[in-house]
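Chains as they are written, first to last, in my numbering: chain A, 27 to 338; chain B, 93 to 676.
Keep in mind the hints are simulated off the structure, nothing from the lab. It is possible that some hints are incorrect.
Lysine to aspartate or glutamate pairs mimicking DMTMM-like chemistry, simulated, CA-CA at most 20 Å apart [said to hold, decoys possible]:
#, chain 1, residue 1, chain 2, residue 2
1, B, LYS343, A, GLU75
2, B, LYS283, A, GLU71
3, B, LYS487, B, ASP232
4, B, LYS343, A, ASP84
5, B, LYS343, A, GLU109
6, B, LYS283, A, GLU75
7, B, LYS343, A, GLU110
8, B, LYS343, A, ASP114
9, B, LYS283, A, GLU79
10, B, LYS283, B, GLU338
Chain A is faced by these chain B residues, among others (derived, beta-carbon under 8 Å) [claimed, not checked]:
#, residue
11, ALA293
12, GLY294
13, GLY347
14, GLN363
15, GLU402
16, SER561
In this text the structure is predicted, and so the values were computed from the model without any measurement. Even glycine gets a Cβ: it sits at the ideal position worked out from N, Cα and C.
Residue-level listing of the chains:
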Amino acid sequence: MKQVVRRLLLAIPMLFIVSFLVFVLVDLAPGDAAVSLAGDNPTPERLAEIRAELNLDDPLLTRYGRWLGDAVTGDLGSSLQTEEAVLDQIVDAAGVTISLVIVSVILSTLIAAVLGVIAAMRSGGVVDRIVTAVSAVAVAAPPFWLGMLLILTFAINRSWLPALGYESFTEDWWQWLRHLLLPALALGALPGAELAMQLKASLTEELGRDYVLTARARGISGRAVVLKHAMKNALIPVVTVFGFRLAQLFGGAVTIEALFFLEGIGSLAVSSTFQRDVPVLLGLVVVLTLLVILLNLLVDVSYSYFNPRTRR
Amino acid sequence: MRGRNGRWSRCFAFVIAGALVAASCGDDDDGDSSSGTAAETTTPASAATAGGGGGATTAASTSATTSSGGAGSTSATTSSGGTATAEGLTPIPDGVDLDASIVMAYSVPPNNLDPALSTQAADNTYMYMFYDRLTEISEDLEVVPYLATEWAYGADGSTFTMSLREDAQFHDGTPFNADAVVANINRSLTKQGAATARALAGVTGIEKIGEYEVQFNLTGGQPSNLPVLLAGNPGAMLSPAFIANETIDLKTGFGDVGSGPYKVVEYNPGQSASYVRAPNYWDPGRQLAAEFSISFVDPAARINGVRTGEFDLGQSAATDSAEAISIGESGGFNAYPYVINTVYGALFNPGSTGVLANQQIRQAIMHGMDRDAINEGLFEGRCEPRFQPFPEGNKYYFPEIEERYPFDPERARQLVAESGISDPSFDIQVSPGSYEPFAQVMQAQLEDIGITMNIIPSETSAVPVNFISGASPASYLVVLAYPDLASLYANWYGGPFGNMLNPAVPEAAAIRAAAAAANSTALSEQQQIAAWREVYTQIQELAVFAPGCAAPQVWMSGDDVIGVEQMPFIWQGAVVPYTIGKTG
Numbered sequence: 027m028k029q030v031v032r033r034l035l036l037a038i039p040m041l042f043i044v045s046f047l048v049f050v051l052v053d054l055a056p057g058d059a060a061v062s063l064a065g066d067n068p069t070p071e072r073l074a075e076i077r078a079e080l081n082l083d084d085p086l087l088t089r090y091g092r093w094l095g096d097a098v099t100g101d102l103g104s105s106l107q108t109e110e111a112v113l114d115q116i117v118d119a120a121g122v123t124i125s126l127v128i129v130s131v132i133l134s135t136l137i138a139a140v141l142g143v144i145a146a147m148r149s150g151g152v153v154d155r156i157v158t159a160v161s162a163v164a165v166a167a168p169p170f171w172l173g174m175l176l177i178l179t180f181a182i183n184r185s186w187l188p189a190l191g192y193e194s195f196t197e198d199w200w201q202w203l204r205h206l207l208l209p210a211l212a213l214g215a216l217p218g219a220e221l222a223m224q225l226k227a228s229l230t231e232e233l234g235r236d237y238v239l240t241a242r243a244r245g246i247s248g249r250a251v252v253l254k255h256a257m258k259n260a261l262i263p264v265v266t267v268f269g270f271r272l273a274q275l276f277g278g279a280v281t282i283e284a285l286f287f288l289e290g291i292g293s294l295a296v297s298s299t300f301q302r303d304v305p306v307l308l309g310l311v312v313v314l315t316l317l318v319i320l321l322n323l324l325v326d327v328s329y330s331y332f333n334p335r336t337r338r
Numbered sequence: 093m094r095g096r097n098g099r100w101s102r103c104f105a106f107v108i109a110g111a112l113v114a115a116s117c118g119d120d121d122d123g124d125s126s127s128g129t130a131a132e133t134t135t136p137a138s139a140a141t142a143g144g145g146g147g148a149t150t151a152a153s154t155s156a157t158t159s160s161g162g163a164g165s166t167s168a169t170t171s172s173g174g175t176a177t178a179e180g181l182t183p184i185p186d187g188v189d190l191d192a193s194i195v196m197a198y199s200v201p202p203n204n205l206d207p208a209l210s211t212q213a214a215d216n217t218y219m220y221m222f223y224d225r226l227t228e229i230s231e232d233l234e235v236v237p238y239l240a241t242e243w244a245y246g247a248d249g250s251t252f253t254m255s256l257r258e259d260a261q262f263h264d265g266t267p268f269n270a271d272a273v274v275a276n277i278n279r280s281l282t283k284q285g286a287a288t289a290r291a292l293a294g295v296t297g298i299e300k301i302g303e304y305e306v307q308f309n310l311t312g313g314q315p316s317n318l319p320v321l322l323a324g325n326p327g328a329m330l331s332p333a334f335i336a337n338e339t340i341d342l343k344t345g346f347g348d349v350g351s352g353p354y355k356v357v358e359y360n361p362g363q364s365a366s367y368v369r370a371p372n373y374w375d376p377g378r379q380l381a382a383e384f385s386i387s388f389v390d391p392a393a394r395i396n397g398v399r400t401g402e403f404d405l406g407q408s409a410a411t412d413s414a415e416a417i418s419i420g421e422s423g424g425f426n427a428y429p430y431v432i433n434t435v436y437g438a439l440f441n442p443g444s445t446g447v448l449a450n451q452q453i454r455q456a457i458m459h460g461m462d463r464d465a466i467n468e469g470l471f472e473g474r475c476e477p478r479f480q481p482f483p484e485g486n487k488y489y490f491p492e493i494e495e496r497y498p499f500d501p502e503r504a505r506q507l508v509a510e511s512g513i514s515d516p517s518f519d520i521q522v523s524p525g526s527y528e529p530f531a532q533v534m535q536a537q538l539e540d541i542g543i544t545m546n547i548i549p550s551e552t553s554a555v556p557v558n559f560i561s562g563a564s565p566a567s568y569l570v571v572l573a574y575p576d577l578a579s580l581y582a583n584w585y586g587g588p589f590g591n592m593l594n595p596a597v598p599e600a601a602a603i604r605a606a607a608a609a610a611n612s613t614a615l616s617e618q619q620q621i622a623a624w625r626e627v628y629t630q631i632q633e634l635a636v637f638a639p640g641c642a643a644p645q646v647w648m649s650g651d652d653v654i655g656v657e658q659m660p661f662i663w664q665g666a667v668v669p670y671t672i673g674k675t676g
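Between the sequences and the hints, there should be enough to build the whole structure, so can you do that?
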């Protein structure tokens with residue numbers, strides 16, 4: 027508990043640093059929100075007007091201070107483009123992205139568990155080699171390319187699954203799942219393959235340890251040895267990789283959401299970046315940083331389940 | 093052990109459940125919109141009955157006159173086949189499914205749906221579905237009647253009168269009449285930050301002279317192209333009841349303020365707009381679908397979505413046009429390539445410091461560009477080499493402009509030598525994406541004639557801004573499509589991109605004076621065209637715009653989609669898709 031509180035407190039300076047860095051980077055990039063708001067063929071006078079309206083001519087620290095003052099009270103401001111509350115925009119988009127990440131995590135975990143265990147139990151054999159080769163291809167395949175391939179195969183050539191769009195879970199869970207299967211597979215293939223290889227290596231090592239030989243000598247079935255004894259120890263390094271990958275899934279969602287026309291956090295991040303919509307960008311940074319910190323915390327906490335020594 | 097497992101499972105289940113609740117929050121609005129849609133949909137048949145006005149329309153549509161006094165016509169009736177509901181109204185094609193929902197994937201997001209404030213041409217696609225305008229531009233760039241049935245300039249050019257339809261109404265039930273037009277034009281002229289005020293320069297006021305007749309008061313004999321301007325944002329009609337209070341910020345909100353064939357039921361700024369058929373609309377042939385939605389979609393998703401039928405209609409990106417045509421040819425969907433009236437090219441500031449201030453260098457660049465090679469090399473022959481945005485056969489197309497600078501590397505090298513400038517070099521700002529390949533090929537071609545062109549990558553929206561402000565001596569841009577020469581001049585050489593006619597250049601003053609004279613209501617249409625021809629010939633001689641070619645846009649649609657080729661403004665790219673329907 028003490029560790030959890032400490033980690034949460036450490037998140038505060040982290041949020042300051044990350045948000046300030048983003049603020050500076052956006053400011054350093056060519057162009058500004060006024061340019062994108064001014065539309066086609068803007069005159070210098072119109073640009074000056076918009077800059078004045080948005081206080082874009084104020085010094086950087088003044089603008090950051092103004093944003094920060096509101097942010098600490100929970101007010102992340104309004105979008106410069108749509109004037110909608112930033113928090114509302116993020117909450118709307120988060121539902122799509124979280125859905126995508128959840129399905130992706132489930133799929134990649136299933137893929138990793140099945141392939142990893144099979145390969146470890148048949149270590150050095152044909153199955154192991156096939157699993158290794160498939161995993162290597164999945165790791166090398168760019169998610170965008172894989173997504174295109176999946177669309178071509180399962181949506182265009184066979185019409186089994188929709189190529190794009192999103193349905194709400196509460197309205198129709200089956201359609202929700204159908205719409206997310208292809209993007210989740212494209213997004214989850216890489217982490218799934220990595221986890222599979224990690225699990226295979228880790229489980230192979232555990233299966234060679236003395237306690238496993240002892241268990242087998244005592245007549246415990248092979249399945250029970252793997253699933254009840256070796257697996258738990260083998261999962262410790264896997265969970266570490268899983269933690270990293272989970273955070274990266276949110277980053278990978280940017281291209282996948284664009285390809286599958288999912289209006290999630292990734293799409294929001296892209297549009298706000300192109301439009302220099304600083305309040306939305308900063309809001310996303312704050313929320314995503316918090317999310318990554320929480321996910322890492324969750325992973326750390328899970329260590330104590332897999333490895334009791336870390337509880338001390 | 094089991095206890096810990098149980099806790100872990102419950103914890104995981106809690107996280108999943110929480111996430112699913114969050115997921116369900118993602119599109120609450122969808123539900124709202126669908127319920128609204130069902131409640132507010134009416135059929136064209138009932139709309140036609142309520143709209144009525146066939147006799148008035150017929151009379152109006154046959155007596156429309158243009159600024160030059162020629163007879164106007166209603167191109168609305170040009171669709172082949174179908175059954176006209178009344179003479180002058182748009183026919184409803186045979187076999188169309190009037191209960192259909194249409195989903196369109198578009199390349200540009202909605203930015204601002206207030207016609208007075210919007211400055212992005214692509215907003216028109218979203219706006220003109222629910223704002224009728226006073227006039228319309230046909231595919232052959234003629235001004236045709238819309239809410240206005242006829243118009244004429246006064247004898248001395250200081251007034252402009254319009255007669256209006258008598259059977260139209262706004263979505264909130266307010267009748268459309270002269271009072272509504274007066275309120276709208278006054279809003280266009282006076283709303284703070286209104287881009288329409290600049291477009292209507294020369295209009296000093298408007299007055300009602302009859303229940304369905306208005307008179308614009310003009311000054312200085314301008315603008316000569318008022319009927320054209322009123323086909324755009326200055327002529328978009330909002331309910332006067334809304335104008336009186338302005339309770340909604342139309343940039344981010346919506347309401348029953350429109351007058352067009354569809355009414356908005358959902359609007360997500362920067363993303364999408366959804367519509368349902370407006371009840372009691374005067375021309376049911378423009379509302380062939382019960383529901384319509386337009387969304388900003390990634391280029392790859394647009395192609396995939398039309399292929400799988402999830403989108404009925406989509407616009408391909410310029411860089412994807414070859415792929416879209418290829419898929420169309422293989423039967424994946426219907427592909428309709430259309431060369432819009434735009435030209436990719438380099439803009440030069442002749443008043444800048446550096447080699448571009450030298451006319452011989454600029455002319456050498458014009459001669460040094462091999463446009464056929466650009467067309468073949470980059471677009472497999474589908475990008476039409478052009479020096480002017482108007483296509484051959486159009487009344488604003490001038491052959492001598494095409495012939496002035498043939499590809500002639502020898503002549504180009506000679507001009508460079510005559511300039512007396514050794515190793516000429518200049519910077520050009522180029523945005524990433526479809527402009528880059530053009531610029532790279534141009535760079536290689538200019539290298540052959542001894543001119544070094546340094547490509548400076550820049551953010552898309554910053555490229556025009558830097559040219560306009562004078563920070564960049566050259567920019568690679570696309571000259572946008574306009575329906576007439578006066579509009580083209582007002583929005584380019586005589587407008588924001590006035591640096592192409594930089595006052596520092598001696599010839600600029602004469603060209604500007606000639607343009608002002610050409611934009612006069614005192615001239616007949618033929619006289620105006622002749623005057624503009626002289627203006628554009630002089631601009632061509634100045635060599636401030638080095639064009640490449642005009643690339644096709646490809647519209648992708650499902651087999652059951654009709655009306656693609658008839659979409660208004662297809663020549664501009666920012667189409668208005670109210671001709672789109674689906675067969676049953």
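Okay, the hints, checked on the actual structure:
1. For the hint pairing LYS343 of chain B with GLU75 of chain A, the CA-to-CA distance comes to about 17 Å; that is within 20 Å, so the pair holds.
2. As the CA atoms of LYS283 of chain B and GLU71 of chain A are separated by approximately 17 Å, the hinted pair is consistent with the 20 Å bound.
3. Among the hinted pairs, LYS487 of chain B with ASP232 of chain B is consistent with the structure: their alpha-carbon atoms are about 9 Å apart, no more than 20 Å.
4. Our distance criterion of 20 Å between C-alpha atoms is broken by LYS343 of chain B and ASP84 of chain A, whose separation comes to about 25 Å.
5. For the suggested pair LYS343 of chain B and GLU109 of chain A, the alpha carbons sit about 9 Å apart, so the restraint of at most 20 Å is met.
6. Distance check on the hinted pair: LYS283 of chain B and GLU75 of chain A sit about 15 Å apart at the alpha-carbon level, within 20 Å; holds.
7. A hinted pair counts as satisfied when its Cα atoms are at most 20 Å apart, and LYS343 of chain B with GLU110 of chain A qualifies at roughly 11 Å.
8. At roughly 18 Å between alpha-carbon atoms, LYS343 of chain B and ASP114 of chain A fall within 20 Å of each other, so this suggested pair holds.
9. Proposed proximity of LYS283 of chain B and GLU79 of chain A is supported: the alpha carbons are some 16 Å apart, at most 20 Å.
10. Distance restraint check for LYS283 of chain B and GLU338 of chain B: the Cα-Cα separation of roughly 11 Å lies within the 20 Å cut-off, and the hinted pair is therefore satisfied.
11. Violation of the interface hint for ALA293 of chain B is found here, the shortest Cβ-Cβ separation to chain A being roughly 13 Å, above the 8 Å cut-off.
12. With a cut of 8 Å, the hint placing GLY294 of chain B at the interface with chain A is violated, because the nearest CB-to-CB distance is about 18 Å.
13. Taking 8 Å as the C-beta contact cut-off toward chain A, the hint placing GLY347 of chain B at the interface is violated, the least distance being around 16 Å.
14. Given the 8 Å rule on beta carbons, the hint for GLN363 of chain B holds: about 6 Å separates it from the nearest Cβ of chain A.
15. Interface restraint check for GLU402 of chain B: the shortest CB-CB distance to chain A comes to about 6 Å, inside 8 Å, so the restraint holds.
16. Because the beta carbon of SER561 of chain B sits about 5 Å from the nearest beta carbon in chain A, less than 8 Å, this interface hint is met.
Hints 4, 11, 12, 13 from the list above are not met by this structure, while the remaining hints are.
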